[in-house]
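2 protein chains.
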Amino acid sequence: MSIHIREDLTRSEKIQQARKILNENKHSLDAWSILIQDAQDKKITESREFYESLITQFPTCGKFWKIYIESEMKDRNYEKVEKLFQRCLIKVLNIDLWKCYLNYVRDTKGKLSSFREKMAQAYDFALEKIGMDVYSYNIWNDYIIFLKSVEAVGSDAENKKITAVRKVYQKGIMTPMTNVELLWKDYCTYEMGINPMLGKKIIDERSREFLNVKRVTKEFETLVRTIDRNIPCIPPTIPQTADEIKQITAWRKFISWERLNPLKTEDILLVIRRVVLAYEQCLLCLGYHADLWYEVCAYLEQTSHGYSERGDAQLSKRFLDDAAILYERAIQTYMRSNMLIHFAYADFEEQRLNIDKARSIYNRLLDINEANLKDPTLAYIQAMRFERRTDGIKSARTLFKRAREDIRTNHQIYVAAALMEYYCTKDNNIAFNIFNLGLKKYNQNLDYILAYIDYMTHLNEDHNARVLFERILSPNNSIFKQLQPTIWNEFLKFESQVGDLQSIKKVEKRRLKIYSDLNELEGRETLLLVDRYKFLNLLPCSIDELKLLGCKDLSNINLSSTNT
Amino acid sequence: MSIHIREDLTRSEKIQQARKILNENKHSLDAWSILIQDAQDKKITESREFYESLITQFPTCGKFWKIYIESEMKDRNYEKVEKLFQRCLIKVLNIDLWKCYLNYVRDTKGKLSSFREKMAQAYDFALEKIGMDVYSYNIWNDYIIFLKSVEAVGSDAENKKITAVRKVYQKGIMTPMTNVELLWKDYCTYEMGINPMLGKKIIDERSREFLNVKRVTKEFETLVRTIDRNIPCIPPTIPQTADEIKQITAWRKFISWERLNPLKTEDILLVIRRVVLAYEQCLLCLGYHADLWYEVCAYLEQTSHGYSERGDAQLSKRFLDDAAILYERAIQTYMRSNMLIHFAYADFEEQRLNIDKARSIYNRLLDINEANLKDPTLAYIQAMRFERRTDGIKSARTLFKRAREDIRTNHQIYVAAALMEYYCTKDNNIAFNIFNLGLKKYNQNLDYILAYIDYMTHLNEDHNARVLFERILSPNNSIFKQLQPTIWNEFLKFESQVGDLQSIKKVEKRRLKIYSDLNELEGRETLLLVDRYKFLNLLPCSIDELKLLGCKDLSNINLSSTNT
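Those protein sequence lines, which keep their order, are chains A and B. Residues in the first sequence are numbered from 1 upward in steps of one, following my numbering. Residues in the second sequence are numbered from 565 upward in steps of one, following my numbering.
By construction, these hints were calculated from the structure, which means they are not laboratory data. All values derive from a computational prediction rather than experimental measurement. Please note that the accuracy of each hint is not assured.
So the derived label-pair ranges between C-beta atoms look like this [unchecked claim]:
| no. | chain 1 | residue 1 | chain 2 | residue 2 | range |
| --- | --- | --- | --- | --- | --- |
| 1 | B | 613 | A | 454 | 57 to 67 Å |
| 2 | A | 516 | B | 768 | 37 to 47 Å |
| 3 | A | 259 | B | 938 | 49 to 59 Å |
| 4 | A | 8 | B | 1080 | 55 to 65 Å |
| 5 | A | 461 | B | 783 | 47 to 57 Å |
What the simulated footprint calls covered on chain B by chain A, stretch by stretch (three residues with Cβ under 8 Å from a Cβ of chain A suffice, anywhere in the stretch; the number is not a length) [unchecked claim]:
| no. | segment |
| --- | --- |
| 6 | 906-915 |
| 7 | 977-984 |
Even glycine gets a Cβ: it sits at the ideal position worked out from N, Cα and C.
Excised from the complex, chain A in its bound form (with noise of 0.2 Å):
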């Protein structure tokens, strides 16, 4: 992926490769490493630009949000260090990224007279949204510190501080990381000191508990140790480098343990929450994966649908909102191009009822400002697709004719207009007008002629099938010649279904002059004569005959007999 930077350059060299490098591959990392370390040693003013073009391509890399953030700080921006923060704080759920956060309050906002609140909303804010990461103690501990150091004067003020403290250590302890013993000890230690009875009481009634946590906790650093989530996002090499594997597997077994509820707790909400954050912290790294997208997506739906089977609406509509959060996050960022997502995305709106939301998806991918595909086809089908089932056959009609009119497309919107038409308004006059509109613009393309046999084959009009094969056939269109045998084929293959031997036998002979004409007959015609004969799986000879008879390619027969 990365072309190697040659470590005998100088500085400058070096920098003016790196930036040759990224404009021809931006997901070169060692590139995007020399010039972030470049940024680092200027002053903000100078390469703001350059981070903003570093978090726009990797908009969910905490390592890179964090060395932006340290450089504002660095020159004392606040305003600027609080509107970043904002920026990424709930999208990036990267551990790091969240301590420095709280670092930043901490130093920033000591002198204002509300920092007590501010600190401890700050503390519970992230606790909330990162307190269950296996690296998360040092949040719980700078808390307790923080609570404990709030000057409290009274025993009622005393009694106050004494269950905020209690309260986050309670939560703490059972909370599966890396040092929760630590955090266990010291509640120990704190209760003790408080009420040694009530203490050494309160302990044992939790000790069980906490064994689960610390079984829980080894299970979860095991777990987590290959994995490396500083790695910034980039696509897949295919096929994917040993350590993607490893990575991705990692990941996997990860979010397959969290599914399994290993605290074996009864708190669902707490299932899904690690589920959903197991998910979200490995798309930081793994953005790339459309079916990582796809399936927090479906265990959210799906997690509503269980809500409001058992009559919660409210908690089945929070999940929801969960997942159309996530799949708009998915198709601002990597997934822009992806149409798998879009239309999961577009489907889960239709299914909630949500059309103009889904509406809105579809316009979106296929917005030709936007440019996000080369070729908008399937996308103006499963759009054609979905204004037909919600709004009728006419607003399909009209998008149809806006996909006409889009040079990106492709052939395959007229053979799904006119098969449209066919199956749904079952009339065949309109499908036959579509499919004859489309041969004038693809009057050369073997797979739309195909798919226009095809139709009129299996609609058993005879007279009709046989003038559309004369008609492309016809000598003086213009079909090339290397086209034509494959049509005088499927010619044959319906002469054979339903014509006597006289039509057969011309069509016959007719296919074997344009073979004749291309130079391809080689003495092959008994060849060309299986085709004849040839029914299903059936052949009118073995496949060692076959070779004998000079079939090079025997992929083109259809030789599958899922059982006999």
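Fit chain B to the known structure of chain A by using the hints.
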């Protein structure tokens, strides 16, 4: 092909082993060779049975016929010898066999009063049949010697003799063959001996044409040099050995050369005779090559059409009859189980309105006692189509009934019969009934079910199609789970075409359940989603993305796009 027979075995051990080998593989030439040696050492009464089996196995091998005949000759069983000659001569145009025949006539008929006539007849017969062979010089020369040796009394008889000798000479020197120059020299001497003045004139007149013959002889000799005309006929190995390819290539080159009229003669009949002789001799060795049989028959048919167009009904008929003889010989020997040649032969007879003859060809192929075919389904289908064309749908139905009762037939017969009703009688109900009848028998046959589904979905009757899907996939139905995913895929394709999102998703969900029951899901839900959105060769993601989704077998996906 042939198992090696060890050299250190005793003679009787070798014979025993050869017999064993032939029990398993009747095409082992090594084994036959040992038994032939043994037979030659025995008395003919003891080995006659063996010889019969030899020529049954190798009915076109001149060398083996000759060995058999010579064994009978040794025992002076002239009646048997003559019967044997009658059985083989016309079919086996092998030069050594014919020379053997002429020697036999000369050696055994000398004492008869009709010897002269009999001998001359034999020579004329031989020259007509095989006088164009490259090694036929001896026959020409012997005939001339024989004619010269005839006693002629009186100038009238003398003149007659000269005319007879001259006629053979003049035909011989116009025939390209090895040693034709000796014949030419002889002839010159002969004419000069009779009348130097006239002789010189005759020779001058002919020498130009003879130069042409000489040139053609050289090409002829080069072309046949690599051909081994004594190779017994065995089925080609697949892939063909270098030796086999060498032989077939040489033969083809030789035949093509003959077809191009190298003599540049205006005697078209001569060209035809030479071409057919080339094919016939080739088929003595390569009789398992269906294409050669078909080609020679097609060549004769084509020739016949030419004469028919020029109004020569007699020659036209003669060549058609010749083609019929060759077809007949093919299906009685090496093409006994070859459907292709049977079909071509039947079509050939149907074409010239020999309907009963054509029917008998199908019947011989279908004859359960002959058991030429393991699976005669395609033969029944072609026979049904034949009956439909020549006698109407009722005869075709009778044949379909017979096919159903033949335990060797397979599911395709139902598909063919149903489609015949649909396409030819346009009676959907009968087609429907036939498909249902077949479904009772082939309810576990995926190919059959898919053919039925294909028919139903093309009928454009949504309700009936859905009923069929539900019927096949009903939990009460005993269809194997492993077969179901493919059917669900078809159902999904159908609903994507005509259904609303609800029905699409419902089918998808039920399909997912099957995959999950089969433990074939393995986190590939997203891959299955692809099926919901694809259309013709359009996919909602790139091939690379498809691989990322875990798609292992890209061959299932129709990616062909001949031109775009």
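So which of those numbered hints doesn't the model satisfy? none
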